[in-house]
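Required output: the full structure, derived from the provided sequences and hints.
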Amino acid sequence: MLNLEFVIEGGDFTKAGQASSEVKQILKQINIPPAHIKRIAVAMYEAEVNVVAHAYKGKMSVFIDPSKVYLKIEDEGPGIPNIEQAMQEGFSTATEAVRQMGFGAGMGLPNMKKNVDEMQVTSEVGKGTIVELTTYIT
Amino acid sequence: MEEQVFHHALTILEDVCVGCTHCIKVCPTEALRVHDGKAKLLSNRCIDCGNCMQACPVNAIIIKHDDFNDIFKYKARVALISSVLIGQFPRHHTSRKIYSGILEQGFTHVYEVEHSAGILTEEINRYVAQHPTIRPIISSFCPAIVRLIQVRFPSLAENIMLLKAPLDLAALSYKKELIERGYAPEDIGIFYVTPCAAKIAAVKSPVGEKHSPIDGVINMDLIFNKVYSGFKKEQKSTCIVPEKEQLRPEEMLWSLTGGEAKYINGRCLSIDGISNAIDFLEGIENNDITNFDFIEVRACDQSCAGGILTTANRFLTCERLEERIIRYESDREQGKIINNKTIDKHTHYIKENISIEKIEPRSMLKLDEDIEIAMQKMEKIRKIRTFLPGIDCGGCGTPSCKTLAEDIVQGKAHTSDCIFIQTSLNVPKDQPIRAEKIWGTDRFRKLT
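Chains S and W, in that order, are what the protein sequence lines are. Here the numbering used here is used: position 18 in the first sequence is 10, and no number is missing along the way. Here the numbering used here is used: position 203 in the second sequence is 618, and no number is missing along the way.
Accuracy of the hints is not assured; some may be wrong.
To be verified - Using C-beta positions, here's what the derived DEER-type ranges look like:
#: 1; chain 1: S; residue 1: Gly2; chain 2: W; residue 2: Leu840; range: 41 to 47 Å
#: 2; chain 1: S; residue 1: Lys105; chain 2: W; residue 2: Gln846; range: 56 to 62 Å
#: 3; chain 1: W; residue 1: Gln846; chain 2: S; residue 2: Lys51; range: 39 to 45 Å
#: 4; chain 1: S; residue 1: Lys105; chain 2: W; residue 2: Ala544; range: 27 to 33 Å
#: 5; chain 1: S; residue 1: Pro25; chain 2: W; residue 2: Lys827; range: 23 to 29 Å
#: 6; chain 1: S; residue 1: Phe55; chain 2: W; residue 2: Trp854; range: 52 to 58 Å
#: 7; chain 1: W; residue 1: Trp854; chain 2: S; residue 2: Lys51; range: 27 to 33 Å
#: 8; chain 1: S; residue 1: Lys106; chain 2: W; residue 2: Glu851; range: 37 to 43 Å
#: 9; chain 1: S; residue 1: Thr114; chain 2: W; residue 2: His829; range: 44 to 50 Å
#: 10; chain 1: W; residue 1: Ile788; chain 2: S; residue 2: Lys106; range: 28 to 34 Å
#: 11; chain 1: S; residue 1: Glu110; chain 2: W; residue 2: Glu787; range: 20 to 26 Å
#: 12; chain 1: W; residue 1: Pro847; chain 2: S; residue 2: Glu110; range: 52 to 58 Å
#: 13; chain 1: W; residue 1: Glu665; chain 2: S; residue 2: Pro25; range: 56 to 62 Å
Quick caveat, the hints were computed from the structure, so don't treat them as lab data. By construction, the Cβ of each residue, glycine as well, lies at the ideal position given by its N, Cα and C atoms.
Spelled out as structure tokens, the structure:
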């Protein structure tokens, strides 16, 4: 079991994606099939950008064993009042400034769900959000 | 797959190499190591981009091409040139004069690769429309980029369009033309005058094709030097070029940045320079960069005008080729343009032979075929890295502390190859290490 941890800074879009790129490199090195990497990379990147866009700070933990890749993205931030609504395509609470940078199209959570086998979102308003993503390697 | 031997045009001259670390530092695929005081190339990682050749301070890296005299084995000796060769010459030398200068060297025909670009543009547009689920489609034009994707971005291999490059299409159709003109196939020798190493690799070990239709490759600097010294000596050319057919304006700029993407329908973009290419492909892989229909990606800054075997300044080459269009327009006004191009006769033949086979990824990154073993190795690499100084000095002969850790785990290097670790082992614990003054105390004695 391989365990990696990355700190994600809120609000800094120039660094958004760094953690994902590092994890992606490791997935390639341990010979996870390219098709899986592609989907995990998409979900992971969306999750990382979400933290940058909405939270103050966050942490991405990656647990890999030969049968699955499990990602846990925890943040300290405003939380999500209505998860069901946030899961709908196009729903976004991103500010105009964030949208102008090309983020905040309301595709984050739905896109993550599409690209992993299991997804769990738990959130507490005013405290933060935890997103868990699991991909089984077949 | 892994055992396959890849042809590389880049060759290290052992007796010239001084074993410094310039080349290992600039390689985008970490394909070079210093061993026994000489740089060594890891064949399955090299993509023939030529970065190392540019960085070498003693010119120990060369591009091996075919013997020029090989052309005389054939009755029809075709110099297949890129428009970029025309752009090497100062502007007062007309393309007609350059053609005759090339013929002077012993060739019997000169033909420009970009003649096939018009038909290819049509076919790319058809391809992009017929593959709506693959986005973006990545051009197959630059062989260094095709190889970069194979080794570093395996999940994007399926995005590369499965169409031949203009080079192959021009060679195929011109060979057919000469056969129709009465030459026996074995009497025709098609020699590509290359601006870079990657194109040589593409001819000698093609991706997605069994054989290349090209019989030999000659470096562009050699041809330029031969022709240009003739001009300098002001020799009167004995080879008079008849009114020759010209490239169409859009074909003239095809090998330059934007030359391809400009004519493809949908949202397209052109990227040049290998580090820009890596950044962009990384973005596509993360789905950070989306909604593009087609991207043209070229390894060299200013595309082929910046090829490692070019002589002229890349920006002047671009300017020169832009001027070619202006001349074309004035020729057209004077009715000097031949409208029927040789290649148009062979449109059907080209279209029938335009496809290449699926491009297989060949990841150089994987530590082991077996995921479990690969994971154990990864764990070890991460542990070893905590002992290494992290300054990527190259003193161990590998490009970075990360590559040293990987090589150690793969049994190709030792921990003591690190000169920082060596130093800390050799100085008694209670004595200071001189280099600590430079690098700080915490980089040493991590192991002791």
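### Message
Name the hints, by number, that the structure is in violation of.
### Response
6, 8, 13
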